[in-house]
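Participant: These two chains come separately, so use the hints to put the complex back together.
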Amino acid sequence: MRSPRRCAGLLLAAVLLMVWRPLHAHPMPNTQIAVWIGAGGMYFDIAVPGPELRLALPREWPRDADLLAEPQRAAVLRYFDAHFLVQAAAGPPQPHHIQSLTRWQASDPDAGYYEELRLRILVPIRVGFEPRGFELHYDAIIHQVPNHFALVTVNVDFRNGQLDATRAREVGVIRYDFSRNLTPPLVVSTAPGNLWRGLRAAIVLGFHHVASGFDHLLFLATLLIVAPLRSNDGRWSLFQGWRYSMRRFLGISLAFTAGHSLALLAGTWGWLPVPRNAVEILIAASILLAALHAMRPLWPGREWLIAAGFGTVHGLAFAASLAGLALDPWTRLLTVSGFNLGVEMAQLAAMGAAVPLLFASRWRWFHAMRVTGMLAVALLALWWMVERTRLAVLPAIG
Amino acid sequence: MPAYYTSKSAPLGLVDTTAADRACSGKGHARLLCLADLVKKDLTPQLLARMQLPYAVADARRWSNFPPMVYGNRVGVTLAELSPAQLGAAKAMLKEVAGTAANEGYDEMEQILNADDFLKNNTGQAGFASGNFQIAFLGTPAARGTWQLYFGGHHLALSHTYRDGVLSGATPSFRGAEPFTPFRENGRDNAPMAQEQGAFAAMLQALTPAEQGKARLSQTYTDIIVGPQLDDRFPATRAGVRAGELTPSQRQLVIRAIETYVTDIDPPDAAAILARYRAELPDTWLAYAGTPGMNTENDYVRIDGPSVWIELSMQPGRTVPGIHPHSVWRDRSGDYGGNK
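Going down the list, the protein sequences come from chains A and S.
For reference, each letter of the first sequence is one residue, going 1 to 398 in the numbering used here.
For reference, each letter of the second sequence is one residue, going 1 to 340 in the numbering used here.
Next comes chain S alone, as it looks inside the complex (with noise of 0.2 Å):
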């Protein structure tokens, strides 16, 4: 494990983020511009030399759902390497960039890495912790040109591309957390992925029996499979059934899905998405494997459409025990901004 894994909290919900909001009173791309620069602002060379890279693909890919004891390659500046102020203006820049709906977007990042200090004060293993989540700038923040905002730790990666100031790409977006159960940490109550859990659960139960038959997979999966390092790697054919084929209280259902992945960005954002994925809808497929409760160990689902693809994944605990969410979204032609 590289030596900046520490095992520090930066308890994200504690940080003030006044100054930088102050400093920052704009909206949209320019507000993310000038705390791009509150963010990098008094960082020491060597930082500074890993918060800010050119902007790559490849480097954009280095994301994972492991911890960094199992995965060490991410890219970025730790938590726990920011000064107060830098952390305050990250902070803001996550609520501006992933929205501030409860248990979405930004709240849903800070449940989040409060479960990293949960495993931290709950197993002392070396390389949890909410401090040790890596924030990057891939290619300068600017009003012309691309760049991407890389978030991510244990249980998360956030991908957002901007492309002449606009939002090209919100995906690869991983949310997963363990424990899956409701824990207190760090002052609250925290229970990241129920609200998911929840939506896939509901989509499936409103499936009459023949539907689910036919969108039942023979196969089984103990994991999502368009995984980390792993881009492109959407089945050819699709399975399951048609939303098309469904009532509008069940396709509503499947927006109501959708929506708990694509309300964790902006909310002027993800409404242009979400009118891309309604109109995309009759051509989307659902499919799962084990139960449609998502409540039993290695239950999956997945959302197949013409350009958005979301799979969850409720498989064993890893270290404390029961069942815990894995899911991706990811949109077949918009990950990375489409950038190859």
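This is chain A alone, in the form it adopts within the complex (with noise of 0.2 Å):
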């Protein structure tokens, strides 16, 4: 029993050691921003292509000059501050303050691959600003390239519920005005909704996620279909009684639950990184061993631990999808909180459906129903954790 135990140890540290590269498309070599709206801050996440860049910036460094590298950096820093500024309609210019600048390869069907520079602004949400409708001026690189132009989206607006940063709304172009020679700001309005409408879509996209993941109800179901079972010297048994298989089966459930909990905590808080890639690939290796471990008990008496554990992983799976929901301390809370109980009701509802699986231990030709099952999910995660792993390294090949 102790080689395929190694074995998977090896796959899991293979997978770990990956590199990945992430890609990001454009519709063509011009400015995107995208806003997020919480509920104590906006963040403006700025995607600025390499090349028109450099010709705006007030001095020309060569060609090749790293932005990244000082002194470029804290001139590029220096540039985006003065070319960006945010005000309530005829109020006072709000501080702001660049979190972050990072670079990226991007590409586009027909400019194909570009450096990009991105830049995450925040603006903190004080007494006296409302951020719902705001005028963003911004005038980087379109000052000196007046062809060039900006895309705003708000990608994000907690109290409107719009969580899913995929479903961006357009708000506008910010563009060189020939008639005037300026860049005029760009006025973003959004209504007000309520935070109750944020929690709810919290909930909503917890719940999709478990209930969409077709990965992880599989998973749930490998990991409870030995809970009536006990090991004898190396094979399971049939079922072992109501008291004993309810018990597991709690047990397991709840160790998987706390584990997967306190991971979506760790994970969104930035406590734990999350290399999105990698922890898909865990996931698959994760019902790997759990379906050999339906199949022949590799740690008989410890699912919970092993629950436990497992349910970290895709704890952080889920995290990875809510990092990108980096808001406000306060909307993180609420989102994650929100998210949580959507996750926890699905499981809920999928662990329920499960309970059919404590009948059917009773049964003789359950062994064999079992091992033939789990050999087929043993194939399914196998097969993923391939397709997984291509498709992480890819990028970094393309």
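Worth flagging that the hints you see were computed from the coordinates, not collected in a lab.
Calculated cross-link-like contacts (lysine to aspartate or glutamate; reagent style DMTMM-like; alpha-carbon spacing at most 25 Å):
#1 S:K40 to S:D164
#2 S:K214 to A:D177
#3 S:K340 to A:D177
Stretch-level coverage of chain S by chain A, calculated; a stretch enters the list once three of its residues show a Cβ under 8 Å from a Cβ in chain A:
#4 217–230
#5 234–245
So the derived label-pair ranges between C-beta atoms look like this:
#6 A:W104 to S:A49: 37 to 45 Å
#7 S:D283 to A:P58: 31 to 39 Å
#8 A:T153 to S:Y4: 24 to 32 Å
#9 A:P93 to S:S7: 51 to 59 Å
Remember, it's a predicted structure, so these values are computed and weren't measured experimentally.
Note that beta-carbon positions come from the ideal geometry of N, C-alpha and C, so glycine has one too.
Facilitator: Structure follows, in structure tokens:
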């Protein structure tokens, strides 16, 4: 029984050593500004094509100068600081803070691959400033390259229940105005909304993440199928009675939920690093191991520990999808709580649906059914692992 | 990308127009009406519904410099969807409206289509192909009323508006090409934009250093500014140097540069438009950014008159290395035949 475990360990280690490089698609090499509106602050995620930025910077460095190395980096930050301003209509400018400046490789069907710089600018919402209607004064690049433009979208708006950043809402385009020879500000207005809308959207998001995650449900079933069984000399027994089954069923479920919830909180709060691709591969690996365990006991009696560990991995996967919603602490707390609630609700429903497994485990042919089913699950999980590894490695080569 | 975009070529140079020329032997607008009927003849109802649209400026504005995988909102039927007879009529029609000067008009368009086949054959990227260029009629071609011939695709937009049988607008007219350097495709040598680049470089290089200083814009242009879906984005104040201050030989080079766009239409209409632009030349301004050689990345030049607007941008290569031109000829009052 030792060698399969070691093999699995080696697989996991190999998976963890992988390198990831995300890709980002653009309609064309222009600027994209994604606005995230939280309860206590706004983020502006600005993606800027490097070649155009270099034309607009106050002094021209060599074409291949590293814009993230000093002294260029400081100059780039100063430049954006001077070309970005948020204010309420006719109100005073709001303080802002550039939180990060990173470099990416972007691609476009027309322009191919190009260097892209991304900035995240935080505008804390202060008393007296209403983020529901503000002017965005932004003319980086545009003041010098007047054919350049910035597409502005609202990607997240908590109070309006918009949490899915992939469904961005276009709010306007910032362009140079040749009739006035200036770049006019863009007025961004959104409905006031309310906190309950945001919370509700978070719950729905959490519920859907589980309900639509076939691998997640499959993993739960794989974990719970051995709850009514006992390990005898490296083989699984049949049904061990209702008390025994229910105790283990609940124990495994609770351990999984606990690991899951903690990981979700830790991951979203940034206490735990979440390498998204690695987590996806780890999930496939966890299903493979759970399926092997359900065929022949690998860790009899310690399922709850395994469940907690795997729960952590699965929680991290959700944290990865939430980590993108890195809003102000208050919004984040509401989002994570709502999301967690939704996840647990979906999980409870799924576990309720798994109760028939307890009945089935009394039948004589349960062994054959379990081994056949788990073999199929193991093969599926193996295929997921290969596929997710391939996808994770692909961009690094391309 | 809509399903009617394929990777099929429709090399116009190899299309036979004999039957169309025989069937429509008239001249001018009457010949266009005859050819338009021939293009539409035997089209399936589905294709006809896409080719023959009611006249609407909103549809006329649906042109672009981008290939279909970036801009998928063009109107019309693709050349690849036409039968040989319909294609012959379409080619005859393009020759009739665009004139037959070498490297201008129809010949220039044929080469721009060949450039797309070159990109398709050298990159394999779906979306590039001469067969993806589209033709449409906005408004039914007739002796009375308004209609527009729409022809366009990657790096090409032709918009000829007719009112009561008379050409009321030949713009917006977009021309570009990648690759820019001469290339061989569909059995011929191609360099569709070489004359334009040469004429504008000659115009700028004939300016004195002082005049060049006046004509140089302080901003940087990585593309044209009055591009697709940006109609009426003309600067309120003209910049650069006024042609009225130039010598006759310098002014002649300005006319020569304008001609590389105006001769993209049939000779009688071209002559009428050119006469107007010539009369307005004293109040026509030249401006450029980058170098006057028009051969360096982000070189840009514009001619801005009371009516004429031409801008040419030599921008970084997108699909193949090197620089490539984008350009548009517009008319401040005559775009889309003056219709809004």
